[in-house]
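**Student:** Residues per chain are reported as follows:
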Amino acid sequence: MRSIDLSGISDASVQACEEIAKDAGVNLKDCYQCGKCTAGCPLADSMDLMPREVIRYLQLGAIDVVLDAKTPWICAQCVVCSSRCPQNVDICSAMRAVRLASKHAGKRPLPEADIFDDEFIANVRVHGVSNEQYLAAAYNLKSLHFMQDMGNATRMLKRGMVGVSMHNTKGRANVAALVDRALEADAARRAQSDEDKGGDE
Amino acid sequence: MKYSYFPGCSANTTGKSFTVSTSYVAEKIGVELVEIPDWNCCGTSAAALTSPELAVALPARSLAISERELPGLDVVAPCAGCYRSLKTSVAFARESEDNRTLIKKIINAPYEAKADVLTLLEVFATDEAREAIAAKVQRKLRCLKVACYYGCAMVRPADVCECDNVEDPMEMDDLMALIGAEPVDWAFKTECCGAAQQMTIPVQAKPMIERIFQNAQANGADCIVTSCPLCMLNLDMREAEINKARVARGEEPFDIPCYYFTELIGLAFGAGPDEVGIDIHFHPAKNLLLQRELDALELEEAENIARAEEERKKAEIAAKIAAKKAEKAAKEKAAQEAAAQAATQPEEGKEAAE
Ligand code: SF4
Ligand code: SF4
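Heads up: the sequence lines are chains A and B, in that order. So this note's numbering is basically just the index in the first sequence, starting at one, shifted up by 413. So this note's numbering is basically just the index in the second sequence, starting at one, shifted up by 76.
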């Protein structure tokens, strides 16, 4: 945890942190910084902010530190932190909410994670299901990790795990429309919340 | 025992062995799994990390089809990732009328979230299913020490998954004990396998798998038993990569095969390894089973010899007791006769004296 100048934190910044907490269903005041979330996190070793610190910076209203952090993108959404928190703070949801806020702010602290999810959803939108070989190929191409898991792809091929005739949802046009409607509803909700915020000011 | 069945995207690909072994076991014990017509991907964490609306709507489409086409049936989702997505969607829909209205609008279909969502473990752990499993066991998988690995998505979040033992679940352990295997006590039952992060941040995520193998080994397990195709893929397929790195660091490679719990139940029912999909595992998985089958036979033989020896000893002691008793009885009889004689003799003596 580094020291930050709290005088530089604007009301808007504090409000943005509170919005994230609200989306996550978290009351930031509940966290008393015991660190149990971090102790159990299987990926803490690789994170730039410890899970506890993400909550701390949100408490302080330091929105930029949080939105630029790699941590929410490294998080595997395993829910160990939330499950062990003595104060019932849903840190895992907070990670998700920070990540979405960061994505909507046009930031990509860890491009690989974002590319993977985008390709996953694009794949589902087209096929109705997740076609693992298309997903891996598209991901490798876009993330520029061309050879990643190529050895494993061959091993899968040998075992008839890929390349076989696979399930495609017959109503995949329905699924594409569903994805579009869901994303529209998502955008409308965010636009509404921006408008409410504007009204407050 | 009839359920609506949500196979999930990996059912015909990377999770083939799970599908094959599941239908093998289900058929044998009279569990009927009816596939949801035209189901679609649950969206898994990718949807949750894209949009909350998408995360609840993608599963709801398949659940709504199930509600219409397979009314009254609970939905079973073998993959833990699918299970968590479906279950989260149901919980959201049940929360309020507003939530249901939102979902119906997005999926463009009626949906009331009537059916519950279950894991395959829950389906096989009912009293009825357990009785049926016990009745079908032909060969107990004795001597096989198993580390039952549940992963995270089946147990967490505890309120969504309705799990009351997040750190130490026992359903799989109990099923393994039922077929004669020996579940070990270990600490990584519900640690995360890394899920999709094994693709996006492989360097950082690899140690998650290595620690799972390490803890299983440290607690004396021969193998890891899983109940999720993604956990299985991450462990079984990546064991080779991990071993390569270990060897390069001068450490011993692991030799810990992974199995689906359904594969092991199938074996206990008398199936050959190929019948339940063990032939397409990444890490060699057949020799351990053969070795433990031999160990079990040897153990049985030793037990039979010990039992026969015990019987022989028992008979020997019983014979000795009988002999002792007979000897004692004979002695007592002789003593009685002697006493009786002694009682009459003085009379005789007197008579003689007179
Ligand atoms: S475990 Fe809970 S209370 Fe403790 S630091 Fe983490 S979020 Fe805060
Ligand atoms: S959910 Fe994320 S932050 Fe929480 S323990 Fe798991 S990996 Fe760590």
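Everything labelled a hint here was simulated from the structure, so no lab data went into it. Being a predicted model, the structure only gives us computed values, none of them experimental. Hints may be right or wrong, so weigh each one.
As the list claims (entries may be wrong) - Covered by chain A, per the in silico footprint, the following chain B stretches (three or more residues, Cβ under 8 Å):
hint: 1; region: 109-120
hint: 2; region: 132-144
hint: 3; region: 231-244
Ideal placement from N, C-alpha and C gives every residue a C-beta, glycine not left out.
**Student:** Look at each hint and say if it fits the structure.
**Tutor:** A quick look at each hint next to the structure:
For the region 109-120 of chain B, the stated coverage by chain A holds: 6 residues have a C-beta nearer than 8 Å to a C-beta of that chain, and at least 3 were required. Coverage of the region 132-144 of chain B by chain A holds in this model, with 3 residues showing a Cβ closer than 8 Å to a Cβ of that chain against a need of three. Requiring three or more residues with a Cβ within less than 8 Å of a Cβ of chain A, the coverage given for the region 231-244 of chain B holds, as 4 such residues are present.
When held up to the earlier numbered hints, the structure conflicts with none and fits them all.
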